[in-house]
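**Q** Put chain B on the given structure of chain A with help from the hints.
In the order they appear, the protein sequences are chains A and B. At position 80 of the first sequence the residue is numbered 80 (the UniProt record's numbering), and the sequence of numbers has no breaks. At position 240 of the second sequence the residue is numbered 240 (the UniProt record's numbering), and the sequence of numbers has no breaks.
Among these hints, one or two may not hold up.
To be verified - According to the in silico footprint, chain B covers these stretches of chain A (three or more CB under 8 Å from chain B):
#1 86-97
#2 374-380
Unchecked claim - Just the calculated beta-carbon pair ranges, DEER-fashion:
#3 D256(B) <-> M272(A): 35 to 45 Å
#4 R239(B) <-> G370(A): 50 to 60 Å
#5 D195(B) <-> R239(A): 55 to 65 Å
Note that these hints are calculated values from the structure, not bench results. Ideal Cβ placement from N, Cα and C applies to all residues, glycine included.
2 protein chains.
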Amino acid sequence: MSDRTTSTDVLVIGGGMAGLAGALAMRENGASVTLVERASEFGEVGAGLQMSPNAARVLKRWGLLDQALEIGVRPKHLVFRDALSGEELTRQTLGSEFEERYGAPYLVIHRSDLHRILLNACDKAGVTLINDVMIDRVETVDGRGRAYAHNGDVYQADVILGADGLKSTLRSAVSDDGPVPSAFVAYRGTVPITDAIPQDDLEDVIVYLGPNCHLVQYPLRKGELLNTVAVFKSPSFERGEEQYGGVDELEKAYKDCVPEVRNALKNLGTSMRWPMYDREPIDNWVAGRMVLIGDAAHPMLQYLAQGACQALEDAAVLQDLSKGTVFTDLGRTSEAWDEVLRTFNAARFPRTAQVQRTARIWGESWHVSGTGRVLRNMLFKSRGDGNYQYNDWLYGQSPALVFASADDVSNETVSAI
Amino acid sequence: MSDRTTSTDVLVIGGGMAGLAGALAMRENGASVTLVERASEFGEVGAGLQMSPNAARVLKRWGLLDQALEIGVRPKHLVFRDALSGEELTRQTLGSEFEERYGAPYLVIHRSDLHRILLNACDKAGVTLINDVMIDRVETVDGRGRAYAHNGDVYQADVILGADGLKSTLRSAVSDDGPVPSAFVAYRGTVPITDAIPQDDLEDVIVYLGPNCHLVQYPLRKGELLNTVAVFKSPSFERGEEQYGGVDELEKAYKDCVPEVRNALKNLGTSMRWPMYDREPIDNWVAGRMVLIGDAAHPMLQYLAQGACQALEDAAVLQDLSKGTVFTDLGRTSEAWDEVLRTFNAARFPRTAQVQRTARIWGESWHVSGTGRVLRNMLFKSRGDGNYQYNDWLYGQSPALVFASADDVSNETVSAI
Numbered sequence: 001m002s003d004r005t006t007s008t009d010v011l012v013i014g015g016g017m018a019g020l021a022g023a024l025a026m027r028e029n030g031a032s033v034t035l036v037e038r039a040s041e042f043g044e045v046g047a048g049l050q051m052s053p054n055a056a057r058v059l060k061r062w063g064l065l066d067q068a069l070e071i072g073v074r075p076k077h078l079v080f081r082d083a084l085s086g087e088e089l090t091r092q093t094l095g096s097e098f099e100e101r102y103g104a105p106y107l108v109i110h111r112s113d114l115h116r117i118l119l120n121a122c123d124k125a126g127v128t129l130i131n132d133v134m135i136d137r138v139e140t141v142d143g144r145g146r147a148y149a150h151n152g153d154v155y156q157a158d159v160i161l162g163a164d165g166l167k168s169t170l171r172s173a174v175s176d177d178g179p180v181p182s183a184f185v186a187y188r189g190t191v192p193i194t195d196a197i198p199q200d201d202l203e204d205v206i207v208y209l210g211p212n213c214h215l216v217q218y219p220l221r222k223g224e225l226l227n228t229v230a231v232f233k234s235p236s237f238e239r240g241e242e243q244y245g246g247v248d249e250l251e252k253a254y255k256d257c258v259p260e261v262r263n264a265l266k267n268l269g270t271s272m273r274w275p276m277y278d279r280e281p282i283d284n285w286v287a288g289r290m291v292l293i294g295d296a297a298h299p300m301l302q303y304l305a306q307g308a309c310q311a312l313e314d315a316a317v318l319q320d321l322s323k324g325t326v327f328t329d330l331g332r333t334s335e336a337w338d339e340v341l342r343t344f345n346a347a348r349f350p351r352t353a354q355v356q357r358t359a360r361i362w363g364e365s366w367h368v369s370g371t372g373r374v375l376r377n378m379l380f381k382s383r384g385d386g387n388y389q390y391n392d393w394l395y396g397q398s399p400a401l402v403f404a405s406a407d408d409v410s411n412e413t414v415s416a417i
Numbered sequence: 001m002s003d004r005t006t007s008t009d010v011l012v013i014g015g016g017m018a019g020l021a022g023a024l025a026m027r028e029n030g031a032s033v034t035l036v037e038r039a040s041e042f043g044e045v046g047a048g049l050q051m052s053p054n055a056a057r058v059l060k061r062w063g064l065l066d067q068a069l070e071i072g073v074r075p076k077h078l079v080f081r082d083a084l085s086g087e088e089l090t091r092q093t094l095g096s097e098f099e100e101r102y103g104a105p106y107l108v109i110h111r112s113d114l115h116r117i118l119l120n121a122c123d124k125a126g127v128t129l130i131n132d133v134m135i136d137r138v139e140t141v142d143g144r145g146r147a148y149a150h151n152g153d154v155y156q157a158d159v160i161l162g163a164d165g166l167k168s169t170l171r172s173a174v175s176d177d178g179p180v181p182s183a184f185v186a187y188r189g190t191v192p193i194t195d196a197i198p199q200d201d202l203e204d205v206i207v208y209l210g211p212n213c214h215l216v217q218y219p220l221r222k223g224e225l226l227n228t229v230a231v232f233k234s235p236s237f238e239r240g241e242e243q244y245g246g247v248d249e250l251e252k253a254y255k256d257c258v259p260e261v262r263n264a265l266k267n268l269g270t271s272m273r274w275p276m277y278d279r280e281p282i283d284n285w286v287a288g289r290m291v292l293i294g295d296a297a298h299p300m301l302q303y304l305a306q307g308a309c310q311a312l313e314d315a316a317v318l319q320d321l322s323k324g325t326v327f328t329d330l331g332r333t334s335e336a337w338d339e340v341l342r343t344f345n346a347a348r349f350p351r352t353a354q355v356q357r358t359a360r361i362w363g364e365s366w367h368v369s370g371t372g373r374v375l376r377n378m379l380f381k382s383r384g385d386g387n388y389q390y391n392d393w394l395y396g397q398s399p400a401l402v403f404a405s406a407d408d409v410s411n412e413t414v415s416a417i
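This is chain A alone, in the form it adopts within the complex:
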């Protein structure tokens, strides 16, 4: 090894939620873990994040749930309303019955808060965190991964976790696909909560569903901040313009909505717009000793609020599957690692593909108009609070999260996920 080369059991590329979670999971198994991040500081842009119980359980296993609950909010209900009429369509009470069923609460937390919790946990656990590292290329040589940084440094590792997000460049090792624009644009904002905001609404996650638009609102930081997300279909995207979804389109998109929705638009930051992308599911995330995780592997639309949640699930499954796998810098664990990555991929692909696909359909159901809206509202209203048939597949203890080693993943298990 030259003096530009460092060796580690696990190299993680990317310091977002997925990278930090993956690093922490592998460190929990005793691996030496190095995480490299392109930016000069660790951080997370964006506003609020909904953490469903399937992800909260992962925080719980790492002893981080209490920290998250300390800074986050445990909403009382998840409420859907029609944005044109204001009518309530359905609600899910998120109280003790819900928490008992899924083994963890539903919480909302600022993205930067969750990111900091994971970062601190990685730091405390002994993950080596390095900024300003741009990885140009990854390859597998003699059963070990090698990542070549732009500055000439080389990182060797038994396993490389590729966690470089939606616009992943590492993904080119397994697919030549690209992000798929959804024509929808988000504006976000967090504002201090004032008396002007109806108090009842500060305990719930409220989603207003409108034709080609929706608005999500919930409290953050122990109820001190109000988080608002407005997502609408951009007419300029439809016209084929490259710079689409400007703030000029924002008000217009909500003009037919009830005052509660229109008034909420003033809580948005307008300096930044977020075009919404996902990708088609791909069934192979493994190239030699590199495996993609999080958005790099399975970027999804935000409608199920599962982007970060599925990244946490990835980490938990990887932790379970690699538990007991011996780490070495001499390549002696070659076959065991190949099997771990193969099994991880096989176990996670059906689930994340289902979430990706369902998020698309779910989002479409939010944005229908005319007859579709009539049907959507009837369907939602036919669902009683506490009917878990639409939640269990996503929030429940799926087989992918409970098996302890590769041996537990039979073909039947995978297909049943």
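**A** Frame of chain A; chain B shown alone:
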């Protein structure tokens, strides 16, 4: 009175289902009734007709239900399937529980058979039935209605029931509206049942729902005939062509449907196409001593199969409201009759308007595609067999059918219908 003038208690204009039912209802109350029909023979075009319990109860009160059941079929289930996948979406068992709930069975019968039953009943009851009478004009003079026939004959009556159907000319006395084309065209057919047709399907009313098309199939004449109706959105209507919905469009409209649906198209007669119309609800059907009934008053799209059924309800309500009202050819009952017509209109309008509007929405829900189809299928599948929440308003004993006189119709009753 000149020798061209005849006098009668009730004059009915139009010898379709509505006219015959109205004539019979008034005759049951002891009125002298004359029915005039423009055509030179009484008869009914079309194929099968679904008679829901709300209408079967009317036949029952007239002692005609047994005749209808003798020639008709009592289907075992009402089944909805997706036309693209063949998947069953929902079913309603039409057995004893259903019949007990609604006080009558659900039956299907050839239109011409039902028409003949009503015609024979009118004849037997002593209704004067006259063909080849074209009414040019109706007016009210000195508290009596006068209908002027094209041949110079004049009919005087205390009450005139205008039952000249969808294309009603009598309606011009109360509205200058016209029929509203739906862009959908129907082809119908009845064929002898052969062994080639799956036996299971011969006991049910089966509706296949597809994007911009549907197909309905049920047995007729004690199971000897198979009735098929195919309804699709005409591309040439969309293009603004006057002669739309030709047979060239038929096969194409169903090209993506399952073989069961495509094969059923060969059971259709192709010499006649039926463009589907309705009208906007209007709240006044009364002009002097004439009142519109049936399609002349409230033509509706066929999706709830209520055209003939609502005409029978009209007749039953008119019978109840006018029971005991004294008929005279001297105009002495003027005020009582005005009140009967006013109350009939007030009682029936909310109900028939609801059926008209619901038929439109219901039909739209049959023809959705994409996300709308996903939502529709989920909604339909969420409904269990024997869940009557979507049936009660239509098939149940509505207030409009049970009050016995005008005094029973309070404002609350009417608004609750």
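**Q** Looking at the structure, which of the earlier hints fail to hold?
**A** The structure conflicts with hints 1 and 4, although it agrees with all the remaining ones.
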